[in-house]
Amino acid sequence: MSSNCNICPEWDCQKLEDFKNVWVVGEVDENGITEASLQMLTPASKIASKLNTKIIGVLVGYNVKKFANQFIEYGADEVIVLDDEGLSMYSPHVYARAIAELAKDQKPAVIFISATMKGRELGPYVANTLRAGITADCTEFDVDEKTKDVLMIRPPFGAILLAYIKTPTRRPQVGTARPNVFKLPPRDPNRKGKIVEVKVKEIEKPKTRLISKKMLPISEVPIEKAELLVSGGKGLGAIEGFNMLKDLAKTLNAPVAGTRKAVDMGWIPHEKQVGQTGKSVKPILYIGVGLSGAAQHTFGIREAEVVLAINNDPNAPIFNQSDYGVVADFREVLPALMKELSELKNKLKAKGS
Amino acid sequence: MRIVVGMKWVPGTTSVRIDPKTGTLIREGVPSIVNPHDMPAVELSLQLKDKYKGEVIAISMAPPPALKGLEYLIGMGVDRGILVSDRAFAGADTLATSYVIAKTIEKINREIGKVDLVVFGQETIDSSTAHIGAQTASWLNWPYIYYVHDAKFVDSKFVVERVLEDAVEEWEVELPAIIATHMKALKPRPVRLINKIRYKVEKPIMTWTNAELKLDPRCIGLKGSPTIVSKTVNVPEVPRKKIVYTPKSGEDAAKWIIETLMKDDKASKVLMKYLSMEGEVQ
Numbered sequence: 035m036s037s038n039c040n041i042c043p044e045w046d047c048q049k050l051e052d053f054k055n056v057w058v059v060g061e062v063d064e065n066g067i068t069e070a071s072l073q074m075l076t077p078a079s080k081i082a083s084k085l086n087t088k089i090i091g092v093l094v095g096y097n098v099k100k101f102a103n104q105f106i107e108y109g110a111d112e113v114i115v116l117d118d119e120g121l122s123m124y125s126p127h128v129y130a131r132a133i134a135e136l137a138k139d140q141k142p143a144v145i146f147i148s149a150t151m152k153g154r155e156l157g158p159y160v161a162n163t164l165r166a167g168i169t170a171d172c173t174e175f176d177v178d179e180k181t182k183d184v185l186m187i188r189p190p191f192g193a194i195l196l197a198y199i200k201t202p203t204r205r206p207q208v209g210t211a212r213p214n215v216f217k218l219p220p221r222d223p224n225r226k227g228k229i230v231e232v233k234v235k236e237i238e239k240p241k242t243r244l245i246s247k248k249m250l251p252i253s254e255v256p257i258e259k260a261e262l263l264v265s266g267g268k269g270l271g272a273i274e275g276f277n278m279l280k281d282l283a284k285t286l287n288a289p290v291a292g293t294r295k296a297v298d299m300g301w302i303p304h305e306k307q308v309g310q311t312g313k314s315v316k317p318i319l320y321i322g323v324g325l326s327g328a329a330q331h332t333f334g335i336r337e338a339e340v341v342l343a344i345n346n347d348p349n350a351p352i353f354n355q356s357d358y359g360v361v362a363d364f365r366e367v368l369p370a371l372m373k374e375l376s377e378l379k380n381k382l383k384a385k386g387s
Numbered sequence: 549m550r551i552v553v554g555m556k557w558v559p560g561t562t563s564v565r566i567d568p569k570t571g572t573l574i575r576e577g578v579p580s581i582v583n584p585h586d587m588p589a590v591e592l593s594l595q596l597k598d599k600y601k602g603e604v605i606a607i608s609m610a611p612p613p614a615l616k617g618l619e620y621l622i623g624m625g626v627d628r629g630i631l632v633s634d635r636a637f638a639g640a641d642t643l644a645t646s647y648v649i650a651k652t653i654e655k656i657n658r659e660i661g662k663v664d665l666v667v668f669g670q671e672t673i674d675s676s677t678a679h680i681g682a683q684t685a686s687w688l689n690w691p692y693i694y695y696v697h698d699a700k701f702v703d704s705k706f707v708v709e710r711v712l713e714d715a716v717e718e719w720e721v722e723l724p725a726i727i728a729t730h731m732k733a734l735k736p737r738p739v740r741l742i743n744k745i746r747y748k749v750e751k752p753i754m755t756w757t758n759a760e761l762k763l764d765p766r767c768i769g770l771k772g773s774p775t776i777v778s779k780t781v782n783v784p785e786v787p788r789k790k791i792v793y794t795p796k797s798g799e800d801a802a803k804w805i806i807e808t809l810m811k812d813d814k815a816s817k818v819l820m821k822y823l824s825m826e827g828e829v830q
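Keeping their order, the protein sequence lines are chains C and P. Start counting the first sequence at 35; every next residue gets the next number (our numbering). Start counting the second sequence at 549; every next residue gets the next number (our numbering).
Calculated from the structure, these hints are not laboratory results. Don't take each hint at face value.
To be verified - Pairs of lysine-lysine, DSSO-like flavour, derived with a Cα cap of 27 Å:
| id | chain 1 | residue 1 | chain 2 | residue 2 |
| --- | --- | --- | --- | --- |
| 1 | C | Lys-280 | P | Lys-803 |
| 2 | P | Lys-790 | C | Lys-280 |
| 3 | C | Lys-268 | P | Lys-789 |
| 4 | C | Lys-381 | P | Lys-814 |
| 5 | P | Lys-796 | C | Lys-284 |
| 6 | P | Lys-771 | C | Lys-381 |
| 7 | C | Lys-383 | P | Lys-821 |
| 8 | C | Lys-284 | P | Lys-803 |
| 9 | C | Lys-54 | P | Lys-771 |
| 10 | C | Lys-383 | P | Lys-803 |
| 11 | P | Lys-814 | C | Lys-280 |
| 12 | C | Lys-284 | P | Lys-811 |
| 13 | C | Lys-141 | C | Lys-233 |
| 14 | P | Lys-732 | C | Lys-295 |
| 15 | C | Lys-280 | C | Lys-138 |
| 16 | C | Lys-295 | C | Lys-316 |
| 17 | P | Lys-779 | C | Lys-84 |
| 18 | C | Lys-217 | P | Lys-821 |
| 19 | P | Lys-803 | C | Lys-379 |
| 20 | P | Lys-599 | C | Lys-247 |
| 21 | C | Lys-141 | P | Lys-771 |
| 22 | P | Lys-803 | C | Lys-373 |
| 23 | C | Lys-316 | C | Lys-268 |
| 24 | C | Lys-383 | P | Lys-811 |
| 25 | C | Lys-241 | P | Lys-700 |
| 26 | P | Lys-700 | C | Lys-284 |
| 27 | C | Lys-248 | P | Lys-705 |
| 28 | P | Lys-662 | C | Lys-239 |
The shape of chain C in the complex, shown without the other chains:
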């Protein structure tokens, strides 16, 4: 055997040149492949073209074959479908082992998985079952020109550093990215591609069983979908301050988000947190009030097109991360701003009717 094989006996020996193609694992809900998974076709396309290889969508589940074409329409060259009654219910370890089994068989060079909450559960289980390296929550991917290793780029340590991580001696190279870090590729309903049904030797018996599922109320627009987003931080001082922000949001018909501090204070639930331990958002206009602009927070608004900040501390780092900044006490600004906005709203209505 090659010297490559003087490795941990828990690992299998590999010839790196046997590994080809870029896989995107598809998470599926009632409507098909999730947008988060389809977004992963964007980096997959970049990496596949640099490696001169194919993009393969991977669908695992029961009655999922009907969704395979979505992968093709959004840019996959082929789709591998493992459709099995034994996978009728998602169980993390069963799905992970099935995907790992497929990967052992088909030898992809790269596996991309969207870091949704389920993806963050599944991804490391898949990678580890393959004894492969994994890099979580990447914000960019690239290829090392010389070695052809994939560079997984991610921000550890409070989002001030970007680390370039590579896996020079093992395949596949597994990477995840949070939803909305990459854009959804354009859909082409006329695109054609091969859809291949595959089987694995054995689907494991699940040791976990979903016994109930309660959907959370979705009367509100999720913050990651909003084009206009109002957000608050510690500087709002107390729940009264945060309520004032909510009033502004109401005037604007916009959803409200917040920083980690706002969540810690109990002003807002965790699913509305923007930042490294919350969500990345991509509004056209982001209005941040009483938030200082910690790197972990502004990391989540990198994709915002226009940022307006209101803060009474002229030295707050948020002013370096904003297009427009107002150095003032929000208690004075917000009521006046709401008044102006209401007048504007009435003018628009009058014009409209």
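Could you slot chain P onto chain C? The hints should help.
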């Protein structure tokens, strides 16, 4: 039941500074703490012990200063701590780290008693990968459920509740299993004097090095780590206009904001669109 809970000893602030010359992190002078996301995991473990008896063992793979963290958890009510510490483990990525942790759990299983449940926190504040729970479960071939905020026995079956983006789910889980908690799951209990005294008297902490674990050097540390950090750079700044205005009054501020946003193509369009919306989207 016997519960093992994982703990990471991390730099106490996420605003770690970078040495401008070397581009590396300055860890000196940054005091370490128990990873805050591990606290709900410890609390959940202790609540399970309160209800169903048994013991909670905290483990940490780290250099010796992490003993302070284990001492803190014992102060909260954890029964004992195991520090897994050896220079040979240094430089490990998450695969090699989870290997050592999995082997530690197997050793606890053999030598202390059967482990029913392993609990980890959501992620760590210094690297945020959220890998270790799933990877350890994979080494052991145990089931894994993430983002758990409640756990109990129902008719002798172990049931956990977890949150996803859009739903709350209840899962029946066959033990032994690994779960990881949601960062907002539970508020940790304070350290109690009686537990601190127990710590002083009993010193219920062991250190296991690789002399005890006897792991193949090719599976641990740098050699056992498929991933390497090839370089680090500062996060590139997003280009922003950085126009800052100091208004004379609230009214002045409001007028400036509206004027400025209306002059901005993108901002004005979205502002008009939202203001013209009927009803409320909240």
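Enumerated hints in conflict with the structure, sorted upward: 6, 15 and 26
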